[in-house]
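Undergrad: The residues making up each chain are set out below.
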Amino acid sequence: MEKKIYLDHAATTSTRPSVVEAMLPYFTEEFGNPSSIYEFAQNAKQAIDDARQTIANAIGAESAEVFFVSGGTEADNWAISGVIENYAKKGNHIITSKIEHHAVLHTCEYLEKKGCEVTYLDVDANGMISLEELENAIKENTVLITIMFANNEIGTIQPVKEIGAIAKKHNVLFHTDAVQAFTHIPINVNEMNIDLMSLSGHKIYGPKGIGALYIRKGVRMKAYIHGGAQERRRRGGTENVPAIVGFGKAVAEAMPKLESEASREANLRDYFIQKVIDTIPYVKLNGHPTHRLPNNANISFEFIEGESLLIMLDMKNVCASSGSACTSGSLDPSHVLLAIGLPHEIAHGSLRITLGEKTTQEELDYVADELVTIVKRLREMSPVYEDYTQEKIESVIETKYNLTSKL
Amino acid sequence: MYTKKVMDHFTNPRNMGEIDHADGVGTVGNAKCGDIMRIYLKVENDIIQDVKFKTFGCGAAVATSSIATELVMGKTIEEALKITNDAVVEALDGLPKAKVHCSLLAEEALHAAIWDYAQKNNIQIEGLEPPQDTDDYDHHVEEEDDFE
Chain A
201 MEKKIYLDHA ATTSTRPSVV EAMLPYFTEE FGNPSSIYEF AQNAKQAIDD ARQTIANAIG
261 AESAEVFFVS GGTEADNWAI SGVIENYAKK GNHIITSKIE HHAVLHTCEY LEKKGCEVTY
321 LDVDANGMIS LEELENAIKE NTVLITIMFA NNEIGTIQPV KEIGAIAKKH NVLFHTDAVQ
381 AFTHIPINVN EMNIDLMSLS GHKIYGPKGI GALYIRKGVR MKAYIHGGAQ ERRRRGGTEN
441 VPAIVGFGKA VAEAMPKLES EASREANLRD YFIQKVIDTI PYVKLNGHPT HRLPNNANIS
501 FEFIEGESLL IMLDMKNVCA SSGSACTSGS LDPSHVLLAI GLPHEIAHGS LRITLGEKTT
561 QEELDYVADE LVTIVKRLRE MSPVYEDYTQ EKIESVIETK YNLTSKL
Chain B
105 MYTKKVMDHF TNPRNMGEID HADGVGTVGN AKCGDIMRIY LKVENDIIQD VKFKTFGCGA
165 AVATSSIATE LVMGKTIEEA LKITNDAVVE ALDGLPKAKV HCSLLAEEAL HAAIWDYAQK
225 NNIQIEGLEP PQDTDDYDHH VEEEDDFE
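Line order of the protein sequences matches chains A and B.
Offset between the first sequence (1-based) and our numbering: plus 200.
Offset between the second sequence (1-based) and our numbering: plus 104.
Careful, some of the hints might be misleading.
[Claimed, not checked] DSSO-like cross-link-like pairs, simulated, lysine-lysine; straight-line CA separation at most 27 angstroms: (1) B:Lys224 x A:Lys204; (2) A:Lys600 x B:Lys224; (3) A:Lys369 x A:Lys422; (4) A:Lys457 x A:Lys484; (5) A:Lys576 x B:Lys136; (6) A:Lys576 x B:Lys156; (7) A:Lys576 x B:Lys224; (8) B:Lys146 x A:Lys592; (9) B:Lys224 x A:Lys203; (10) B:Lys224 x B:Lys201; (11) B:Lys109 x A:Lys592; (12) A:Lys600 x A:Lys475; (13) A:Lys417 x A:Lys339; (14) B:Lys136 x A:Lys298; (15) B:Lys224 x A:Lys592.
In case anyone wonders, no lab produced these hints; they're calculated from the structure.
Model, not experiment: these values are computed from the prediction.
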């Protein structure tokens with residue numbers, strides 16, 4: 201295929217042209233500082249208020265509870281560090297999971313070094329936390345539960361409503377990183393008892409460099425970035441008005457078609473997964489089979505390594521992602537794949553495909569067909585596959601996962 | 105990220121495959137780290153008549169194995185043993201820092217194959233060490249930040 205097939209929407213999305221169009225006037229004509237007094241700058245201020253209201257409506261919150269930040273990472277940092285700082289009198293214990301985004305995990309590890317106590321919950325083979333283990337982990341000094349809404353790598357959706365109920369019952373604050381779930385899955389902060397929630401613009405066809413932290417009214421949260429009186433004195437710095445406008449526009453466009461688009465993408469996702477399973481032997485779907493993001497397919501190919509697979513796909517104009525160590529720049533493959541119990545050799549051979557609003561069945565057919573050739577070629581090059589064919593080793597997919605190769 | 109030479113050797117690997125009844129076979133690396141290299145040698149009169157490889161690993165791992173086979177083809181055992189990982193990196197016009205370990209693996213795979221050949225033929229080669237168990241071998245080096 202001549203044109204690029206972009207299947208890495210969990211990494212980032214393009215900014216939708218209508219979003220760019222909505223942003224443009226705020227670079228040039230409406231460039232005023234929203235904090236300025238004169239009439240002209242009030243247009244910029246109004247645009248921020250409108251975007252804030254749109255985002256609040258999308259999650260069932262009040263606009264005063266939405267704070268703009270630079271992105272999901274800042275929102276995660278602020279939420280966790282903020283609770284630890286503002287609730288120091290109550291305690292310093294955080295409960296999280298082993299499959300969180302690094303913005304959460306590394307913040308927790310940093311706070312641990314500063315003397316906080318952190319419980320990292322295990323997940324099952326599908327990437328689900330155990331509600332019983334969560335409840336048992338709550339102690340007198342627990343101040344925060346931070347569990348992601350849906351996982352960025354394997355797509356597993358956590359039982360957020362049930363987690364919120366447990367948090368409320370024990371009077372512990374609940375933060376969720378909803379960067380991957382937002383505008384893909386319906387979210388209501390009140391029904392789900394969410395106290396803090398991280399959102400991002402560039403995963404939902406908005407611009408990069410913008411996100412939001414939802415903070416429930418009544419949650420004590422002082423400034424994280426010190427400076428001016430912006431964001432109700434909690435996040436100083438002149439607002440990134442064009443990005444905020446773009447973020448609001450992206451949300452406004454996504455919400456009315458949330459269900460129809462989620463169902464369209466989920467159908468395509470299942471079609472693709474089935475096609476790969478039917479045409480390539482020794483493969484395994486990672487993540488929950490049904491409780492998963494509508495746009496996420498994560499598949500391990502035994503006997504091959506993920507980076508090689510990505511380069512070969514790239515040469516066929518396909519952009520995708522992998523949990524192999526070579527793509528993470530560290531010794532181990534993805535912490536998420538290891539947490540769901542994948543042996544290293546299977547984790548190294550993972551491929552993540554994340555669909556978007558422009559993804560077509562034709563594109564997925566092309567990718568699935570190319571995968572057959574690429575996987576076959578890489579297996580021919582693999583000494584591990586050679587050992588398997590000579591019966592020196594067993595297939596992990598067959599022995600550990602009881603997945604028989606149909607081919 | 106990769107040089108043209110690396111991409112060329114990754115997409116058109118030279119001497120990929122197996123040698124039946126090879127005179128020496130060496131396998132290094134492990135699945136845990138995500139790199140396994142195997143080199144097969146056919147040796148006659150102390151000269152490497154044929155060499156083939158198989159690699160499980162990233163683009164750099166495939167490319168380093170491929171070029172290593174080119175570098176040793178037709179060489180004497182003594183000459184082949186002199187080929188270092190630096191020579192492999194140079195022949196590929198460079199590797200990203202985080203991937204330099206792949207070139208070490210290629211050198212080790214070659215040495216392991218020669219060791220196997222020497223063992224099978226009761227040949228003593230001065231300075232040639234038996235292949236190490238690479239299970240606990242941390243060859244992944246974090247990219248350095250030279251900001252300070």
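Undergrad: Given the hinted pair Lys109 (chain B) and Lys592 (chain A), is their Cα-Cα distance within 27 angstroms?
TA: Cα-Cα ~34 angstroms, so violated.
Undergrad: Take the C-alpha atoms of Lys576 (chain A) and Lys136 (chain B), compute the straight-line distance between them, and say whether it is at most 27 angstroms.
TA: Cα-Cα ~22 angstroms, so holds.
Undergrad: Holds or violated: Lys576 (chain A) and Lys224 (chain B), Cα atoms, limit 27 angstroms.
TA: 33 angstroms, violated
Undergrad: Please work out if Lys600 (chain A) and Lys224 (chain B) have their alpha carbons no farther apart than 27 angstroms.
TA: The given pair, whose Cα atoms are some 36 angstroms apart, is violated under the 27 angstroms limit.
Undergrad: Given the hint that Lys224 (chain B) pairs with Lys592 (chain A), does the C-alpha gap stay at or below 27 angstroms?
TA: 21 angstroms, holds
Undergrad: For the pair supplied as a hint, Lys224 (chain B) and Lys203 (chain A), is the alpha-carbon distance within the 27 angstroms limit?
TA: 54 angstroms, violated
Undergrad: Measure nothing beyond the straight line between the CA atoms of Lys146 (chain B) and Lys592 (chain A); if it is 27 angstroms or shorter, mark the hint as holding.
TA: 23 angstroms, holds
Undergrad: Holds or violated: Lys224 (chain B) with Lys201 (chain B), Cα cutoff 27 angstroms?
TA: 36 angstroms, violated
Undergrad: Given the hinted pair Lys369 (chain A) and Lys422 (chain A), is their Cα-Cα distance within 27 angstroms?
TA: Answer holds: Lys369 (chain A) to Lys422 (chain A) is near 25 angstroms, not above 27 angstroms.
Undergrad: Between Lys224 (chain B) and Lys204 (chain A), does the CA-CA distance stay at or below 27 angstroms?
TA: 52 angstroms, violated
Undergrad: Given the hint that Lys136 (chain B) pairs with Lys298 (chain A), test it: the Cα-Cα distance must not exceed 27 angstroms.
TA: 20 angstroms, holds
Undergrad: Within 27 angstroms, alpha carbon to alpha carbon, are Lys600 (chain A) and Lys475 (chain A)?
TA: 22 angstroms, holds
The structure fails hints 1, 2, 4, 7, 9, 10 and 11 (numbered hints given earlier, in ascending order).
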